[in-house]
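**Q** Produce the complete structure using the sequences and hints provided.
Mapping the sequence shown onto our numbering, position 31 (from 1) lands on 31, and the numbers just tick up by one.
Since no wrong hints were added, every one of them can be taken at face value.
Restraint ranges, calculated between C-beta atoms of paired labels, are given here: (1) V131 <-> G62: 41 to 47 angstroms; (2) H59 <-> E92: 35 to 41 angstroms; (3) P64 <-> D107: 17 to 23 angstroms; (4) D119 <-> N77: 36 to 42 angstroms; (5) F128 <-> S22: 23 to 29 angstroms; (6) C43 <-> E124: 19 to 25 angstroms; (7) R58 <-> F128: 30 to 36 angstroms; (8) N77 <-> T139: 31 to 37 angstroms.
Here are the simulated EDC-like cross-link-like pairs (lysine to aspartate or glutamate), alpha carbons at most 16 angstroms apart as the crow flies: (9) K106 <-> D67; (10) K65 <-> D55; (11) K106 <-> D72; (12) K114 <-> E92; (13) K65 <-> D107; (14) K90 <-> D45; (15) K114 <-> D23; (16) K114 <-> E124; (17) K110 <-> D72; (18) K90 <-> D23; (19) K110 <-> D88; (20) K106 <-> D33; (21) K110 <-> D67; (22) K114 <-> D88; (23) K90 <-> E112.
Derived from the structure by calculation, the hints contain no laboratory data. By construction, the Cβ of each residue, glycine as well, lies at the ideal position given by its N, Cα and C atoms.
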Amino acid sequence: MHRLPVIAAALLLSALPAKGMSDPAFGLWLTEDERAIIEISACSDRACGRIVWMDQPRHEDGSPKIDQNNPDQALQNRTICGIPLVGDFKREQPGIWTGGFVYNPKDGQKYEAKITSVDNDHLEMRGFVLVPAFGQSQTWTRVDDIRGGC
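**A** Take a look at the structure:
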């Protein structure tokens, strides 16, 4: 009878990603438009990701592209390359993460999102408003390096 709480706790903890734990969704992902690489990894018991490469991180005058559309004025001067793009995802099962957000620097908005590992080399990122039916998906492709980084 006393073993039931211990077993329940062990099962609950086994569903959480441990620091350094591998998951099919973790790694380097080239966005569908091939304009950025996002690194998704464990952030404590959640998944998060940041931009680690952009095809055009600078304007024609050489100045870095900044997060000028962010509603938080304190963040409007940060460079887009390197910003957190996805975060706060909770693991449902290996390769499926829900309850998180995807940030769009083009409009400065965060959207609810779901990550689904389609196979070892493809990831579906679905951003939406309220429910997944009112959203848009992109298929991201796994890559091996960050092409020189930011």
